[in-house]
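A.B. asks: First to last, the protein sequences are chains A and B.
Convert by adding 22 to the 1-based position in the first sequence; the result is the number in my numbering.
Convert by adding 171 to the 1-based position in the second sequence; the result is the number in my numbering.
No lab work stands behind these hints, which were simulated from the structure alone.
Owing to the predicted nature of the structure, the values given are computational and were not obtained by experimental measurement.
By construction, the Cβ of each residue, glycine as well, lies at the ideal position given by its N, Cα and C atoms.
Among the hints, erroneous ones may be present.
Unchecked claim - Below, a sample of chain A positions facing chain B; criterion: calculated Cβ distance under 7 Å:
no.: 1; residue: Val-77
no.: 2; residue: Trp-124
no.: 3; residue: Ala-126
Unchecked claim - Sample of chain A residues with no beta-carbon within 10 Å of chain B, all distances over it, derived:
no.: 4; residue: Ser-34
no.: 5; residue: Leu-41
no.: 6; residue: Gln-55
no.: 7; residue: Ser-95
no.: 8; residue: Gly-104
no.: 9; residue: Leu-110
no.: 10; residue: Glu-114
no.: 11; residue: Tyr-120
no.: 12; residue: Gly-127
Listed below are the residues making up each chain.
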Amino acid sequence: TQLLEQSPQFLSIQEGENLTVYCNSSSVFSSLQWYRQEPGEGPVLLVTVVTGGEVKKLKRLTFQFGDARKDSSLHITAAQPGDTGLYLCAGEVRYSNYQLIWGAGTKLIIKP
Amino acid sequence: EAQVTQNPRYLITVTGKKLTVTCSQNMNHEYMSWYRQDPGLGLRQIYYSMNVEVTDKGDVPEGYKVSRKEKRNFPLILESPSPNQTSLYFCASKVLGNSPLHFGNGTRLTVT
């Protein structure tokens, strides 16, 4: 069974602090996607990383794909209340009919 | 507007009473999928379809049926719902290849 371990499961911090969410696996992924989900809505894609070592930035969010394409991280700088939500990582395994392996999610609360 | 539409948003039913959750997408996507989301377990795939008349089991298909008679529609059928199928359900679609999933807004099902 392929697993994608996401940590932490829950994080509550003050506005202005930095944080990092991790997704780790023993499987190699052809790509890794990060989604954000707000209450009452479906997940929405934030970014896709494809190349080992790749770093992508989305305003205050920095996404990194591990060199071996087995792990990824999401770093948020100076978190704001608007960053509150559930963050999900999903890895696509090569030759798997486009199936995604999902992390369990990180529930992030940013307190003003 | 490009979207995935699920109905109903909320459904309360009793054990054994057959129900159908509809899903429709207007983006001409080949790939469609159903997920259930439970606290601490993340998104688990129920069934997916890579094109019309082609469906495959995901990780948790027991107790569910699907059909793909038209490209835009992918209904989820529970022939005899049980309380352990109480969950938040999401339909999603995408083009084939390395591309993001587009999710509906979810159906919260309660089986008593």
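A.B. asks: None of the hints should be skipped; say for each whether it holds.
C.D. replies: Going through the hints against the structure:
| no. | hint | verdict |
| --- | --- | --- |
| 1 | Val-77 | 18 Å, violated |
| 2 | Trp-124 | 5 Å, holds |
| 3 | Ala-126 | 4 Å, holds |
| 4 | Ser-34 | 16 Å, holds |
| 5 | Leu-41 | 19 Å, holds |
| 6 | Gln-55 | 6 Å, violated |
| 7 | Ser-95 | 18 Å, holds |
| 8 | Gly-104 | 20 Å, holds |
| 9 | Leu-110 | 7 Å, violated |
| 10 | Glu-114 | 7 Å, violated |
| 11 | Tyr-120 | 6 Å, violated |
| 12 | Gly-127 | 5 Å, violated |
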